[in-house]
Each structure stands twice: as C-alpha cells, then as structure tokens.
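J.: Same order as they appear, the protein sequences are chains A and B.
If you number the first sequence the way the numbering used here does, the last residue is 241 and the count never jumps.
If you number the second sequence the way the numbering used here does, the last residue is 1647 and the count never jumps.
Source of the hints: derived by calculation from the structure; they are not laboratory data.
One should not assume that every hint holds.
Each computed SDA-like pair below joins lysine to any residue, with the alpha-carbon atoms no more than 20 Å apart [stated by the list, open to error]: (1) Lys217(A) with Met146(A); (2) Lys217(A) with Ala1585(B); (3) Lys217(A) with Val147(A); (4) Lys217(A) with Val1589(B); (5) Lys217(A) with Gly1582(B); (6) Lys217(A) with Asp1593(B); (7) Lys217(A) with Pro144(A); (8) Lys217(A) with Ala1596(B); (9) Lys217(A) with Val1448(B); (10) Lys217(A) with Thr1586(B); (11) Lys217(A) with Leu207(A); (12) Lys217(A) with Arg1590(B); (13) Lys217(A) with Arg1594(B); (14) Lys217(A) with Arg139(A); (15) Lys217(A) with Arg89(A).
If you're wondering where the values come from, they're calculated on a predicted model, not measured in any experiment.
Single-letter residue listing:
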Amino acid sequence: MHIAEGFLPPAHAVAWGVASAPFVVHGVRSLTREVREHPESTLLLGASGAFTFVLSALKLPSVTGSCSHPTGTGLGALLFRPPIMAVLGTITLLFQALLLAHGGLTTLGANVFSMAVVGPWAGYGVYRLLRRFDLPLMVTVFAAAFVADLSTYCVTSVQLALAFPDPGSGFLGALGKFGSIFAVTQIPLAVSEGLLTVLVMRLLVQSSKGELTRLGVLVAGRETGANAEAVAR
Amino acid sequence: MLPIDAAAHSSRWRRRHPVDKAVLGLGLTVFAISLPPWPGAALVLVTALVVLLGPAGVPWRRLWRAYRVPLGFCVTGAATLLIQVGGPNGFVALAEGGPARAGQLLLRTSAASLGVLLFAFTTPMSDLLPRLVRAGVPAPVVDVALVTYRMSFLLLDSLRRIREAQAARLGHTTRTAAWRSLSGLGATAFVRAFDRAARLQSGLAGRGYDGTLRVLVPDARVSVRFTAASAVLLVSLTALTLVLERPLT
Chain A
9 MHIAEGFLPP AHAVAWGVAS APFVVHGVRS LTREVREHPE STLLLGASGA FTFVLSALKL
69 PSVTGSCSHP TGTGLGALLF RPPIMAVLGT ITLLFQALLL AHGGLTTLGA NVFSMAVVGP
129 WAGYGVYRLL RRFDLPLMVT VFAAAFVADL STYCVTSVQL ALAFPDPGSG FLGALGKFGS
189 IFAVTQIPLA VSEGLLTVLV MRLLVQSSKG ELTRLGVLVA GRETGANAEA VAR
Chain B
1399 MLPIDAAAHS SRWRRRHPVD KAVLGLGLTV FAISLPPWPG AALVLVTALV VLLGPAGVPW
1459 RRLWRAYRVP LGFCVTGAAT LLIQVGGPNG FVALAEGGPA RAGQLLLRTS AASLGVLLFA
1519 FTTPMSDLLP RLVRAGVPAP VVDVALVTYR MSFLLLDSLR RIREAQAARL GHTTRTAAWR
1579 SLSGLGATAF VRAFDRAARL QSGLAGRGYD GTLRVLVPDA RVSVRFTAAS AVLLVSLTAL
1639 TLVLERPLT
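Model the full assembly from the supplied sequences, consistent with the hints where possible.
T.: In structure tokens:
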C-alpha cells in the first residue's frame, strides 16, 4: 500500500522528497555511468523496470483470505542492486501514480523513501549478511524478501505516525496504531512475498543461470554448483 | 494499454503541451494540499471535477473507475483518525475532533487525487517522458523510463495470456497449484523481459543503435492563454478560499 495522493501535509511531502533525493541521485549517477559504458544496458534496465512494474500486477494470495500484490523490492534489490532499484523504483512509482492512480505525486518522495530506498537496502543488507554465514541461497532470498517487504511498511507506519500523531499518546501511539493495522495484513503478506520470491528464484536458477550470473546474483562455480542445485530441487 | 493512458491518447486536450496541463492539473493538486481543507480543498475538488467532466471531456464512468481506487485508500486512511490510543477514555477510544480531522483529510486527498487524474487523463506518458530531458532529467534515465513504459504493456499482455493458459490447465484450482502458477508467472515475466531486451538490442544494433533512443514527439507549443487562464483560476480559488474561510470559521 502506497501513501495516497494528498495524504501528507506539504512540509512532510517536501521533507520526504529531500530525504529520498540523495539516494535517487546516487542511483541516477550509477545508472548513467552504466549506460555510458555499456549502451546496450538501457534495454536491459528498461526490461528490469518493466519487470518491477509488472510484479505489482501479480495477485498474491494472503493468509488473511484477502489478496494483495508483491512490492517486488526484495527481488528487485537482489537482481539489480539497491542503487539501481532507487531509480527503477522511482520510475515504477511514477508510473503507478499516473497510470494506475496508485500512490501519488505529492507523496512520491515518501513512497520512494519507503519502497525504493529503505526496502531494497534493508533486504539487500540482510541478504549480504546471511550469505556470509554460508546459509543456503533460498533461505537468504526468503529473509531478504521478507525484510524488504516488512521494512517498507514499517517506514510507511513511521511516515504516517509523524504526519498524524495520536491526540492522546502522540507519535508512539500513532505508530502503534498504524503499525498494528499494517501488521494484520503485512506480516502474512511479507511471508507470502518471501515464499513467492523463493519460488521465482528457484525457477530462475533452473532456467536463467546466464542472466543471474551476468547480474552477479550467482557466482560461477558457487551457487551454480551443488549448493544451489540442491536447494533449487 | 492501461485505461487511463488509453483515455489520455484519445483526450480532447491530447494536442496541448504537457506544461499547459501540468500547470492546471498539478497546480490544483498543490493547492488542494496547501489551502485549508475547508473550504479550499472542497473548492479545488469541485473545480477539478467540473474541468474533468466539462472542458477536458473525460467520460464520468472512466473517471469513476480510476477515482475509486485512490478514494478507497483515502477512506481507509481517514478512518484511522477516528480513534485514539491511550488517554482518560480508555486504551482505545473515539478521538475528540476525529470526525472533523478525518473529513478534512478526506477532502484534501480526494481533491488532490482529482488534480493528478486531470493531468493523467489528458497527457499520454509517451508525450511526457521524452520532454523530461528538457526539464533536466538525464537522458539515460528518460531512455530507461521509455523502454520500461513500452515494455510494460507487452509484459502485462504476456502475463494475461499465461494466466489464461494456467487457468485452462486447472492451475488455480488448489492453493498449491495457485502458488506454483504464480511463481511460474513471476519467473516467466523475468525471462520474457530479458529475452525481449536481448532481441530489441539485436534489432537496434542492426539499425546503428548508439545508446540513444530517438522517438517522435507530437509537436505542441505552450499556450500562454491556457497557462494564464489556469493561473487566474488558481489565484481565484485562493482568494475565494480566504474570503469564505473567515465568515465560515
């Protein structure tokens, strides 16, 4: 769930835009450098952006019985790295705001910060950390997707609590209020997204080893070896 | 093509320069969140609705289908302001002044959403993206956004066909089958996206691709009259808000 158009007061909307800007600028520089060195990357990155956008069209069965869509931030961060995801996430959020009326332009900064900055970085950080302990690839993939999804909604709760503090208990009360509302749906959804990401990654390990190695997700001779094969099976 | 973009391509204002429509649509959005919700956002809401259904010629059914999505989020979001946590009335109680705050938020978000919809329903993405280079967005980012935009429709179409094929093979009958189908759908989207990128690369390489995507943009000029009229409308809304706000409060 993105923060809807006009939901944040102007000062908050501007502040979150300023907070997101350095990450997006860093991502734009990485992307520009990549495209200048390898012009053919434009098409690959465009395809990656389309994949990220299309992920939000997948209906995810929820444990609570309802239905939602994956954020795609965990999978995107693992495949394309967080700096690139900051740009691809911004493009995706812009398209969602203008083509699907989902999210908004005045809340773009806040949504970028939660979905295109914190989610990918948190997920990727957990992935790198767990890989150091030589855990199976799919365990780390699940953890990364789970953390990326959940951290996105934690940040959204903080953003909403800052904008609308509770009249009785202030920021902490509002954080508990928004957090508990999100927790009912988002913890099951984060588990669902983690499972979906593992299933997608399993299929990709089987069918697209070349692309995954080119993206640096698989290291030739490591994940393509017995470890990944065993998990993928 | 997605419904809002399809409507934008056949809009009465399609030939207008995006800056004209941005000043009006996004101006209304900015004013909706900047002016006091009552009566400011209410005036913006009515104005945006009149412009959308009148001069812009957006069919009300299409508008409603697009508008009910953000409206649903606005209502659920505003509902949280009705309760408070802690305080003398118990752990969870009705918030004092909650309905007023929820009503103001609902007015602000619904008016702001209509402003963006006015821009989206009249400006195709293919007119907007190439012009972003002039606005200072680096060309490689715009190129990536253009490829993303064009490839999204192909992928969405592919996903629809795959989903139909999976359903025809009873791929959604049980929970396990649904998960298997869903993961297949996600993985296939990835594989197809990369496959299309590779084939597009081969095709463009044969035509002398140098890393820049050159696309034709419909010729349009910024209308001084339209922009000035939009500015006058926005200033009038502000003045009317200030006049009405005092006696009402």
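J.: Now tell me if each hint is right for this structure.
T.: Verification of the supplied hints:
For the suggested pair lysine 217(A) and methionine 146(A), the alpha carbons sit about 15 Å apart, so the restraint of at most 20 Å is met. A distance of roughly 12 Å separates the Cα atoms of lysine 217(A) and alanine 1585(B); the hinted pair therefore holds under the 20 Å criterion. Between lysine 217(A) and valine 147(A) the alpha-carbon distance is near 18 Å, which keeps this suggested pair within the 20 Å criterion. For the given pair, lysine 217(A) sits about 11 Å from valine 1589(B) by alpha-carbon distance, which is consistent with the 20 Å threshold.
Pair hint lysine 217(A) plus glycine 1582(B) holds up; C-alpha atoms about 16 Å apart against a cutoff of 20 Å. Of the pairs offered as hints, the one joining lysine 217(A) and aspartate 1593(B) holds, with about 13 Å between alpha carbons and a cut-off of 20 Å not exceeded. At most 20 Å may separate the alpha-carbon atoms for a hinted pair to count; lysine 217(A) and proline 144(A) meet this at roughly 17 Å. Annotation: proposed proximity of lysine 217(A) to alanine 1596(B) holds, straight-line Cα distance about 15 Å (limit 20 Å).
Simply put, lysine 217(A) and valine 1448(B) have alpha-carbon atoms about 55 Å apart, too far for the 20 Å limit, and the pair is violated. Taken as a hint, the lysine 217(A) and threonine 1586(B) pair is honoured in the structure, with Cα atoms around 14 Å apart against an allowance of 20 Å. As the CA atoms of lysine 217(A) and leucine 207(A) are separated by approximately 15 Å, the hinted pair is consistent with the 20 Å bound. The hinted pair formed by lysine 217(A) and arginine 1590(B) meets the criterion: a straight-line CA distance of about 14 Å does not exceed 20 Å.
Restraint check for lysine 217(A) and arginine 1594(B): the C-alpha separation of about 17 Å stays at or below 20 Å, so the hint holds. For the hint pairing lysine 217(A) with arginine 139(A), the CA-to-CA distance comes to about 19 Å; that is within 20 Å, so the pair holds. Distance restraint check for lysine 217(A) and arginine 89(A): the Cα-Cα separation of roughly 17 Å lies within the 20 Å cut-off, and the hinted pair is therefore satisfied.
Checked against the numbered hints listed earlier, the structure breaks hint 9 alone; every other hint is satisfied.
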